[in-house]
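Visitor: Read off the chains here:
Protein chains: 4
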Amino acid sequence: MVSFESDYIAGAHPEVLKQLTETNLETLSGYGTDKYCESAKEKIRKACDLEQADVEFLVGGTQANAVIISTMLADYEGVIAAETGHVSSHEAGAIEYTGHEVLMLPQENGKMRADDLRRYLEDFYADGNHEHMVFPGMVYISHPTEYGTLYTKAEMEEIAEICRSYAIPLFLDGARLGYGLMSRETDLTLPDIARLCDVFYIGGTKVGALCGEAAVFTKNNKPPHFITSVKRRGALLAKGRLLGIQFDTLFTDDLYFRIGRYAIDMAEKLKEILHRHELPFYLESPTNQQFVILENGQMEKLSREISFSFWEKYDETHTVVRLATSWSTTEEDLEALDKAL
Amino acid sequence: MVSFESDYIAGAHPEVLKQLTETNLETLSGYGTDKYCESAKEKIRKACDLEQADVEFLVGGTQANAVIISTMLADYEGVIAAETGHVSSHEAGAIEYTGHEVLMLPQENGKMRADDLRRYLEDFYADGNHEHMVFPGMVYISHPTEYGTLYTKAEMEEIAEICRSYAIPLFLDGARLGYGLMSRETDLTLPDIARLCDVFYIGGTKVGALCGEAAVFTKNNKPPHFITSVKRRGALLAKGRLLGIQFDTLFTDDLYFRIGRYAIDMAEKLKEILHRHELPFYLESPTNQQFVILENGQMEKLSREISFSFWEKYDETHTVVRLATSWSTTEEDLEALDKAL
Amino acid sequence: MVSFESDYIAGAHPEVLKQLTETNLETLSGYGTDKYCESAKEKIRKACDLEQADVEFLVGGTQANAVIISTMLADYEGVIAAETGHVSSHEAGAIEYTGHEVLMLPQENGKMRADDLRRYLEDFYADGNHEHMVFPGMVYISHPTEYGTLYTKAEMEEIAEICRSYAIPLFLDGARLGYGLMSRETDLTLPDIARLCDVFYIGGTKVGALCGEAAVFTKNNKPPHFITSVKRRGALLAKGRLLGIQFDTLFTDDLYFRIGRYAIDMAEKLKEILHRHELPFYLESPTNQQFVILENGQMEKLSREISFSFWEKYDETHTVVRLATSWSTTEEDLEALDKAL
Amino acid sequence: MVSFESDYIAGAHPEVLKQLTETNLETLSGYGTDKYCESAKEKIRKACDLEQADVEFLVGGTQANAVIISTMLADYEGVIAAETGHVSSHEAGAIEYTGHEVLMLPQENGKMRADDLRRYLEDFYADGNHEHMVFPGMVYISHPTEYGTLYTKAEMEEIAEICRSYAIPLFLDGARLGYGLMSRETDLTLPDIARLCDVFYIGGTKVGALCGEAAVFTKNNKPPHFITSVKRRGALLAKGRLLGIQFDTLFTDDLYFRIGRYAIDMAEKLKEILHRHELPFYLESPTNQQFVILENGQMEKLSREISFSFWEKYDETHTVVRLATSWSTTEEDLEALDKAL
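Respectively, the protein sequence lines represent chains C, L, A and Y.
Just so you know, the first sequence maps onto residues 15 to 355 in our numbering.
Just so you know, the second sequence maps onto residues 15 to 355 in our numbering.
Just so you know, the third sequence maps onto residues 15 to 355 in our numbering.
Just so you know, the fourth sequence maps onto residues 15 to 355 in our numbering.
Some hints could be false.
Identical chains blur together in the list; that is why a pair holds if it fits in one copy or across any two.
[As the list claims (entries may be wrong)] Derived EDC-like pairs (lysine to aspartate or glutamate); straight-line CA-CA distance at most 16 Å: (1) Lys327 <-> Asp137; (2) Lys327 <-> Glu136; (3) Lys283 <-> Glu346; (4) Lys49 <-> Glu36.
Bear in mind the hints are in silico, worked out from the structure with no lab data behind them.
Values in this document were obtained by computation on a predicted structure and should not be read as measured data.
Take these sequences, add in the hints, and give me the full structure.
Guide: Now the structure itself:
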């Protein structure tokens, strides 16, 4: 069946798979100490225009969030996130599992408002009794957000400035970063993000890899003995090459950005089709995820030919569904959707 | 350089890689709900001769140990292991990270003795004050052990019987299970293990996969909502297909066992060469890892041509080193070693 | 200075202190195994009209919340609480420290609405993707709430019924239970609470003891090896007698209820005084805590003669403050306040 | 019955109780912010001859160990202790509950040998693979030990020097410190301990208080926001006065030392009696705990008149038992024992 269910419905981008195949019989040492990991890190530093960046590879997004947040927070701190942030509700309590609270702020189209953040921090420190409360120790944002929306450069600069003024790190979850960077409506580049964030990760799983996320520590702030902390969280891959080779390929000849741009092009065509069929948008995003409202009968009928994600109930007779594009979306997929609608 | 450093120095077994390639563009749902995961589970149940077995895939060995142990122990329990067990000292405290103690017993060639286990349990319950102590809630053994040694069927039955009599589960870490099952000196089959253990995992990472371990719950005892517990430990792979396809292939046409047997054949040839050169064995194992004692000068010289693992200092002038074979070991590798010695 | 700062500003109620003194030289075994603990448990069971109740003593409120919640939740579960619940924001993340999330609902005067709870649970199970979310595994309410308000019997029955229908326990934090039970406006008795809740605790610290809370498990549902779980959380008192003797005294000759009634009488007089001086109430509660709005200059002036708690900023020129009564509040204290106003 | 069961069989030392009574109606603020806490801290600083010391009160010994160890260790670190250390086996896994491993060394009469510690640290750092192991991040000793034995000044200086050379803190569990300081065979003073240790606690529960331990951070090394970390571990007492008043009394007119000396005097008389009756000592300690070997029939008979602690089975027909003295031991108790023997 033609699927717009998510951006992780296929295997690896063919160039990534080709490189895994070509290097398959090479003898390499384990746990991320191989030459491909080194090369990938160097390429990512270059792409970030930040020679001092420390890059470390992790296997998945929830794992990356939990490892980064729990190794950077002090004992008495929690992480601030929008109530729709991935860490807030869709990771089965992975942050709490590490002993830390997610301090939730309201959201607007999936984004945290700088004003809400500022007020939260002001109020926290205004309250003389805050020793009995969880200290805000980090700000988590996702870009694109869970709703496919994007921060503008001005917005991210404002959030970063607030973080700086309270001396708490800004962490950006970039599980779908490639789609954000290649959106036609963004003014944020990878070097901008590397400059504004204290730590972020470049998502591989949803942008062409079989698995893998590249954590980037931008301010000489990688937690000490990070590999040991990764190991004790069960997150250290024996065959680290699997991550190194994939990211080395993704950052060769701009593959990561080409994947992003291709999926955005497909998403623009997808939006055109959805508009043409006059489907009401719940949220028309500038990235690879689109949210439309379907009448339940219409949804049921469409689902016989096309896969998509149930998002949430809209009202008694309507449902919000998500359609996502990726490097594996084809013109034929779009035509099939067009026809099915 | 020719390498006997470990059994995870190469990529995937060619048949595994071929299958990953052939299925690469197939559209599959995420998080282990795809048909390859289903098929792999069914094949593993068959290989275990246990239709009731629950099979779940995890990414790596330390992760599998931590997830299985922490979801099966009660709050007030710890896991008993030999002091040389992987969980005891080489996982950076991954079990303690989950809040549970590893209760260590002495070892003999890496193995737990049934008598030590029995005495520990007797003493624990003899002590009226045991409410202030960690309750023994599981027994962990590895097979092969960290020293490549194997339990006999009689030994494992005795341990299993003790566990049963105290109503605590027996957990077998099978990170290198393929090499154990195909050893020329074992009388334990996979169905034996499935019958005797309450839970175990079939190692993929060290037996031909890029990554992946297959946890097998044998007594209708999979922890409830296991996927949620896996998710909150950051251990759930979005593209679960990566694990499903690999295990489906490993358990097609006996590939898992063929890999094991091949590595054992190579190990037997390796032992012959080591004997021929009269290298003293620290431990001559019946599986794919061999431990010899090298004079330090000799070690230094050999290391220029051959990769191997430093194991431990033997005395001031000698060192224990490990040489391991795997599916990727070639006759040429053995010849190179022979020549280098 | 005359103080209405809280209900834990003095030592122990004189009868409690007297009993501690009289028993001081008695030789008693440790860790809660003494005869006073036994006697206290029996008296509490009687007061609850529930012979099957298991009673265990803990030292403080946050500790009681963390121990009870973390020993009763399954790995994959969190606890539902009003966003103003003590566990939600004033325990420095004590629940998250145990690895579990507090799932927050809106509140009304500090209370959880049954409708909000029902909707939350319905929505959770309506969402097919809930395996990636924290399962609701317990409902936490406080009675009186942090705002001194009380649930009616009908309200608590409705909440209990919802919990029963989802098979999740209802936990009542009774840090100030004595004041709730003796309120002039309540229709809930201790046996009612014991019948409706799966677990609750009877607060001692804020109702006449030096320290101590009595946890009551009402449905043969005390977690197994509870003492061991208490010990490993650092919550087991060596001289358990300190808790046993105090609760034995509190439940002798209705002292616990007499303390509650006295404080309520004082609170009613306090309300009269506040009304007479026409201070606007932020929240006029039926228990021992009253919340009034003071103009900032007035507050500053009053604070020179009377201690009270800053609660929260009301607006730029006004502040909400809390005044609390207890067994140690005297007529002279009230007169001093009256005069100061 | 006459009891030598432990040093926590009675209530509070009469002077402590008197002070609790006299201050009972005073209005004091909560959570350790009262004047008695301040005064007690100042007196302890003076007794330690260390003006820079940070003093914080905790309720019990296991709690103190868990709070101190878990707030001072880094994520990737564990604590080194003798295998008989209290944290190693009699706290139900309280350290592991905080996520950290207890790294166990052999013991001699309950003491850690400097040589064992040095070798452990040398070996750890000699091993190139230690990134997959728990880093040694603190050394835990108890003084007196669980066997009532004492470190000499030379021994403690040697251990402290090793700690310093590896830059890891030395933590002394002083649950029975008063008895160690007043032993006739010690050359270690409280200022010595304050100088040599990075952190230690002065036990109250077993030396005259109802409860309470005073943690002393000696090197300006109190963990930041310590109160918040204490709170989230459920270890912050609302009526902090209970701890402050007791320690203030214990450090007034040398009460703490007088209690220690008295119990030591009683212990010397106890030893005399035991020797006179020719009971074989399992361990004759220089502090308040004595360990003798009783024939099982003799033990059974004695237990009808005298309470003592079962320690461990010696052989099929003999048992090791412990007799302890304290401030509450009387001459009559000793006479009764003499007569019973």
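Visitor: Have a look at Lys49 and Glu36 and pick one of within, between, both or neither, based on CA distance no larger than 16 Å.
Guide: For Lys49 and Glu36, only the intra-copy Cα distance (15 Å) is at most 16 Å; the inter-copy one is 27 Å.
Visitor: When no copy is specified for Lys283 and Glu346, does a C-alpha distance of 16 Å or less occur within a copy, between copies, both, or neither?
Guide: within (12 Å within a copy, 55 Å between copies)
Visitor: How do Lys327 and Glu136 come out at 16 Å by Cα distance, when the copy is not named: within, between, both, or neither?
Guide: So Lys327 and Glu136 pass the 16 Å test across copies only (12 Å; inside, 36 Å).
Visitor: Could you figure out if Lys327 and Asp137 sit no more than 16 Å apart (CA to CA) within one copy, between two copies, both or neither?
Guide: For Lys327 and Asp137, only the inter-copy Cα distance (10 Å) is at most 16 Å; the intra-copy one is 35 Å.
Against the hints set out earlier in the document, no violation occurs for any number.
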